[in-house]
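Enquirer: Residue numbers (this note's numbering), protein chains in the order written: chain A, 728 to 1042; chain B, 29 to 277.
Incorrect hints may have been included.
[Stated by the list, open to error] Calculated lysine-lysine pairs in the DSS-like style (CA-CA distance at most 27 Å, straight line):
#1 A:Lys861 / A:Lys828
#2 A:Lys845 / B:Lys272
#3 A:Lys861 / A:Lys874
#4 B:Lys35 / A:Lys1034
#5 A:Lys861 / A:Lys845
#6 A:Lys828 / A:Lys874
#7 B:Lys35 / A:Lys874
#8 A:Lys845 / A:Lys874
#9 B:Lys272 / A:Lys874
#10 B:Lys42 / A:Lys1034
#11 A:Lys874 / A:Lys919
#12 A:Lys919 / B:Lys42
#13 A:Lys845 / A:Lys919
#14 B:Lys42 / A:Lys828
#15 B:Lys272 / A:Lys861
[As the list claims (entries may be wrong)] From the derived model, a few chain B residues whose C-beta atoms are all more than 12 Å from chain A:
#16 Gly32
#17 Val63
#18 Gly115
#19 Val144
#20 Leu150
#21 Ser167
#22 Asp247
#23 Ile253
#24 Phe274
Keep in mind the hints are simulated off the structure, nothing from the lab.
Here a beta-carbon is modelled for each residue, glycine too, at the ideal position from N, C-alpha and C.
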Amino acid sequence: MTECPAGTTVTPQPVIHAAAIRKTYGRTVAVDEVSFDVQPGEIFGLIGPNGAGKTTTMECVGGLRVPDRGLISVLGLDPRRDVYALQERIGVQLQEAQLQKRIKVREAVGLWASLYRKPVDGDRLIEQLGLGDKRNAWFMTLSGGQKQRLFIALALINDPELVFLDELTTGLDPQARRAIWELVRGIRQRGKTVFLTTHLMEEAERLCDRVAIIDHGRLVDIGTPAELVRRHCPERTVIMVCEDAAAGERFRAIPQVQSVTIEGLQLTIRGVGSDLVTHVIQCVAEHRMRVNDFRTELPTLEDVFLKLTGHMIRD
Amino acid sequence: MLRGLWKLTWLEIKIFMREPLGVIGTVGLPVFIFVVFGRVLGSPLRRASPGVPRVLSADLPILASFVITTSTVLSLVAIIAIYREGGILRRLRATPLRPYTILTAHVLAKLLFTAVTLAATLLAGRRYYSLDAGVPLVSFALALLFTTVCLLSLGFLIASIVPTARFAQPIGTLFLYPMLGVSGLFVPVASLPPVLQAVAHALPLTYAVSLLRGIWHGDGWSAHIGDVAALTVMFLLFTAVSAKVFRWE
Chain A
728 MTECPAGTTV TPQPVIHAAA IRKTYGRTVA VDEVSFDVQP GEIFGLIGPN
778 GAGKTTTMEC VGGLRVPDRG LISVLGLDPR RDVYALQERI GVQLQEAQLQ
828 KRIKVREAVG LWASLYRKPV DGDRLIEQLG LGDKRNAWFM TLSGGQKQRL
878 FIALALINDP ELVFLDELTT GLDPQARRAI WELVRGIRQR GKTVFLTTHL
928 MEEAERLCDR VAIIDHGRLV DIGTPAELVR RHCPERTVIM VCEDAAAGER
978 FRAIPQVQSV TIEGLQLTIR GVGSDLVTHV IQCVAEHRMR VNDFRTELPT
1028 LEDVFLKLTG HMIRD
Chain B
29 MLRGLWKLTW LEIKIFMREP LGVIGTVGLP VFIFVVFGRV LGSPLRRASP
79 GVPRVLSADL PILASFVITT STVLSLVAII AIYREGGILR RLRATPLRPY
129 TILTAHVLAK LLFTAVTLAA TLLAGRRYYS LDAGVPLVSF ALALLFTTVC
179 LLSLGFLIAS IVPTARFAQP IGTLFLYPML GVSGLFVPVA SLPPVLQAVA
229 HALPLTYAVS LLRGIWHGDG WSAHIGDVAA LTVMFLLFTA VSAKVFRWE
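Chain A with its partners taken away, still in its complex shape (with noise of 0.2 Å):
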């Protein structure tokens, strides 16, 4: 693609192609005709309940993994026949990976650095991971989110273009998480690509660019969080505290209400499509009503995930 028509756009090259992938364990079809790509400086995640299939996606394009069929490429190279060249290039973190239980942090990310052939500066990176004062500190004594940050970093030491993060945030607490969270934004300020797994449908909608669901080794769609909401779950609900006594009536006359509930002053108002809202404003507005409280409820990826695949992400 080194020549192109004046006036075109080009579609830049995908970080990682993933044609109808699939791998069986036994007769247990881990991932089943799996397809996506994923573009430069995104975050894309790839969500799902536990042993919907992520991991062995994950590993499939990786490299520790074979597929039985389909084809992948990952920066233009194929991850079983040139998974050494392509180590130097990607970033990984595995889930439940633990390290050797007396090795210090610096000596890791040391470790780590002499593997590869442009490493970045490791006593910067523990820095800018926030595990300065635990240099000398061996793995078995890190907490939870500081042997996560360590895995970050082991996953930046070269520089890579591409970062893999397996089920990043599981087992850690709330603000943990949102640290890492942070971090994870940053790598993608650095212009690298990050293509992650999660099964917390809060961490995919704040953190991903565009998820792929997927569901018994699956893909079930893809797409940004808000189209993906838009797509599946159009339906709004506004809820109002409201004295005037009509105000039931009024809002059932909006073609885009379904139904209006009333439970004392306070009024659940249900309905399909973006412009609910606007209507139902433009409503209270036009019959100047005195609103105590108003507050919509959007439906999340977790709702997405529910009427997809018909269970809970959790169970």
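Starting from the known structure of chain A, arrange chain B on it as the hints suggest.
Expert: Chain B in isolation, oriented as in the chain A frame:
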């Protein structure tokens, strides 16, 4: 390619030193056994008097060597199992480290500890067991390291098969000690029942005992070509099989 080998070996040595119990078990125990036997039996040791079994008189250094080697092999089996179960092997494998680099680093670290233990045992046992009788120490050290490498490959085979770290130590013990029983160290192989003799000839320890004993008592290497060949063949076999069946996670 051996990128990272020295760094990893050095790290593994340091990490091992940080675990006091492991060091005591690997280095301290053989020295302790050697010294205790020496103290209890005193001078009869040196004279090989009829009241003392051969294994505690003439063969005491050989016995001590096997205590060293056995604990080395067992600790390798345990460490591989723990690394696999903890996901450490999985994490190391996702780097440019080649699998054999990781395993070689462990073998080198273990060999170093074997050499240190051997030296410590000889130093501590000097008072009870005279070394002046023209014992070829360098040859013996080489023979012991060679033997240890062969037995470590057996350790790898065991480590490849055991399912979890909890089983590693008992299964390793189950393999190694019976082998020691028929190896000719306690009872000459020739005086064993025919079935056990056949078993003995299929096991590496029998050749290891023959080699170490011969070298210690002044034989040349040429007298033990057969032992060296048998151990080499077994080393290659064990390595090939464990490379095939080795599980990283």
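Enquirer: Now tell me, hint by hint, if it's right for this structure.
Expert: A quick look at each hint next to the structure:
{"no.": "1", "hint": "A:Lys861 / A:Lys828", "in the structure": "holds (14 Å)"}
{"no.": "2", "hint": "A:Lys845 / B:Lys272", "in the structure": "violated (33 Å)"}
{"no.": "3", "hint": "A:Lys861 / A:Lys874", "in the structure": "holds (11 Å)"}
{"no.": "4", "hint": "B:Lys35 / A:Lys1034", "in the structure": "violated (52 Å)"}
{"no.": "5", "hint": "A:Lys861 / A:Lys845", "in the structure": "holds (25 Å)"}
{"no.": "6", "hint": "A:Lys828 / A:Lys874", "in the structure": "holds (11 Å)"}
{"no.": "7", "hint": "B:Lys35 / A:Lys874", "in the structure": "holds (22 Å)"}
{"no.": "8", "hint": "A:Lys845 / A:Lys874", "in the structure": "holds (24 Å)"}
{"no.": "9", "hint": "B:Lys272 / A:Lys874", "in the structure": "violated (33 Å)"}
{"no.": "10", "hint": "B:Lys42 / A:Lys1034", "in the structure": "violated (54 Å)"}
{"no.": "11", "hint": "A:Lys874 / A:Lys919", "in the structure": "holds (22 Å)"}
{"no.": "12", "hint": "A:Lys919 / B:Lys42", "in the structure": "violated (35 Å)"}
{"no.": "13", "hint": "A:Lys845 / A:Lys919", "in the structure": "holds (16 Å)"}
{"no.": "14", "hint": "B:Lys42 / A:Lys828", "in the structure": "holds (12 Å)"}
{"no.": "15", "hint": "B:Lys272 / A:Lys861", "in the structure": "violated (40 Å)"}
{"no.": "16", "hint": "Gly32", "in the structure": "violated (5 Å)"}
{"no.": "17", "hint": "Val63", "in the structure": "holds (29 Å)"}
{"no.": "18", "hint": "Gly115", "in the structure": "violated (4 Å)"}
{"no.": "19", "hint": "Val144", "in the structure": "holds (19 Å)"}
{"no.": "20", "hint": "Leu150", "in the structure": "holds (29 Å)"}
{"no.": "21", "hint": "Ser167", "in the structure": "holds (36 Å)"}
{"no.": "22", "hint": "Asp247", "in the structure": "holds (42 Å)"}
{"no.": "23", "hint": "Ile253", "in the structure": "holds (40 Å)"}
{"no.": "24", "hint": "Phe274", "in the structure": "holds (15 Å)"}
The earlier numbered hints that this structure contradicts are 2, 4, 9, 10, 12, 15, 16 and 18.
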